[in-house]
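There are 2 protein chains.
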Amino acid sequence: MTTEQLINQIKIKKSFLTIGLDVDLNKIPKHLLETEDPIFEFNKAIIDATHHLCVAYKPNTAFYEAYGLKGWKALEKTITYLNNNYSEIFTIADAKRGDIGNTSTMYAKAFLEDLAFDSVTVAPYMGKDSVEPFLAFKNKHTILLALTSNQGAFDFQTKLIDGKEVYKQVLETSKNWENSENLMYVVGATKAEYLTEIRNIIPNSFLLVPGVGAQGGSLKEVCKYGMTENIGLLINSSRGIIYASNGVDFAEAAAESAKTLQQEMETILNAQ
Amino acid sequence: MTTEQLINQIKIKKSFLTIGLDVDLNKIPKHLLETEDPIFEFNKAIIDATHHLCVAYKPNTAFYEAYGLKGWKALEKTITYLNNNYSEIFTIADAKRGDIGNTSTMYAKAFLEDLAFDSVTVAPYMGKDSVEPFLAFKNKHTILLALTSNQGAFDFQTKLIDGKEVYKQVLETSKNWENSENLMYVVGATKAEYLTEIRNIIPNSFLLVPGVGAQGGSLKEVCKYGMTENIGLLINSSRGIIYASNGVDFAEAAAESAKTLQQEMETILNAQ
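Top line first, the protein sequences correspond to chains A and B.
Each residue of the first sequence is one higher than the one before, counting from 1 in my numbering.
Each residue of the second sequence is one higher than the one before, counting from 1 in my numbering.
The set of hints was computed from the structure by calculation and includes no laboratory data.
Just so it is clear, CB atoms sit at the ideal spot from N, CA and C, and this is done for glycine as well.
Check before you lean on any hint, since a few could be wrong.
Just the calculated beta-carbon pair ranges, DEER-fashion [said to hold, decoys possible]:
hint	chain 1	residue 1	chain 2	residue 2	range
1	A	Lys11	B	His31	52 to 62 Å
2	B	Asn246	A	Val248	52 to 62 Å
3	A	Lys27	B	Asn139	24 to 34 Å
4	A	Gly101	B	Lys175	26 to 36 Å
5	A	Glu256	B	Asn139	39 to 49 Å
6	A	Asp24	B	Asn270	45 to 55 Å
To list a few chain A residues with every Cβ distance to chain B over 12 Å, as calculated [claimed, not checked]:
hint	residue
7	Gln9
8	Leu69
9	Asn200
Bound conformation, chain A alone (with noise of 0.2 Å):
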């Protein structure tokens, strides 16, 4: 998907809500558990009842290799069942990966071209040729860890190299890589002040937000400081949206729970 067509979607939804996908079999309601693959049910379920109201899902890979094979076949399934009846929804991989050239390359295929999401997220740490293998694919995003929304983010990411954060460094660094308009960056809505001098040094690029709802963040400042014309934001609710009930209405009251953010976000694309 290019950016153009994410924007558009953005458009004609009035939301920019990213679902996370994260399943966990302990907190799925227990009629699911009978079902032959309980994950991928789960999934199914969510997805029907609220595409409407996102724009991208975002499956975490760590919830489903923790179900060994079970839970990468859920995977597969999952993103089969979005590409061929959601097309118009943006796929992410959360799978924060990174590793020297050639071995980013099986990555990068794994996840842009065998499972076919439209983007993967990618640690830094590793530098510009253990990302750059996955900018390589057209049309598709490598969505960089900047300054993400938990408690370790303050050890390394905000520290000072030359005077500057490391995560600005990731930011100016990563401008440069070849391919470069394929980056988007985590940001975490945790840290909302931050985000105006990070719209300094990357006034376009699309922002994944975790952290709203669950981890604290507010929706409004991420919002008010890190909003663009294109709106340039994706805000992820994971627990918040698909853990919304855990009986047999789970389905309807995710629906619910995305409407809301949806119509908060409605309510600020209206007022723009």
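Since the structure of chain A is already known, use the hints to place chain B on it.
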């Protein structure tokens, strides 16, 4: 496996060699492609032929994920084969994972508990709470990326924070994390001259050292600057060993190549 058991194995085998199982179907002998599970058959033959010459195997997960479900099945079969037949071998899931706390816990369970690897490589960018979930596993080891062997290491890892390189900040900061006795570190052999200063910060930790051979690092240099009383080194070689031949003699050729490195190591150990 405990660190003491690993040190014992090094002394018994007179080897601190790690063999990287980075299986690429384009590079393995053609006759294996006709078997039901070429990746596993390749690994099994390599392991059977080399297990007495090395103390560790390190499959890089990228090479398995690249083959989807088939790849994950081969990874599961490989680690199970190792654990069932060669329990004295130290196993490393080269996964370079790392995420927010509850998500890192899922990765840690996947690799250290379910797949039952002895260790897993982890990226430090997201800080303490992204790494500690891995450290919580008893008699398991977290191998944190410090200074990697690729060119991109110079993009961020060697930049200065308060006059000290990022990778040194990673070493120093991580020493204070809970269960830090379960930490080992990745330090590339292509940068052997950095090892003296690294040893000043972490005098006793084991280092996993990629980059000997194909990437140009020197075994002697690494040992000169990095070896401790308890050895403290795991030297990885992947392509140089497993692709020593792509004929029907591939396993014997791999053993011969591994033996060359093992003998260099034996000489170094005897001189110590």
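The hints, checked one at a time:
Separated by about 56 Å at the C-beta atoms, Lys11/A and His31/B satisfy the suggested range of 52 to 62 Å. In this structure, Asn246/B and Val248/A meet the distance hint of 52 to 62 Å, their C-beta atoms being roughly 56 Å apart. Checking the proposed 24 to 34 Å range against Lys27/A and Asn139/B shows it holds: the Cβ atoms sit about 29 Å from each other. Here the CB-CB span from Gly101/A to Lys175/B is close to 30 Å, well matched to the stated 26 to 36 Å.
Between Glu256/A and Asn139/B the C-beta distance comes to about 46 Å, which sits within the given range of 39 to 49 Å. Against the hinted window of 45 to 55 Å, the Cβ-Cβ separation of Asp24/A and Asn270/B comes to about 52 Å, which satisfies the hint. Consistency note on Gln9/A: stated as away from chain B, and its beta-carbon is indeed over 12 Å from all of that chain's, at 27 Å minimum. For Leu69/A, the shortest C-beta to C-beta distance to chain B comes to about 6 Å, within the 12 Å cut-off, and the non-interface label is violated.
At the 12 Å boundary, the C-beta of Asn200/A stays outside the reach of chain B, the nearest C-beta of that chain being 20 Å off.
When held up to the earlier numbered hints, the structure conflicts with hint 8 and nothing else.
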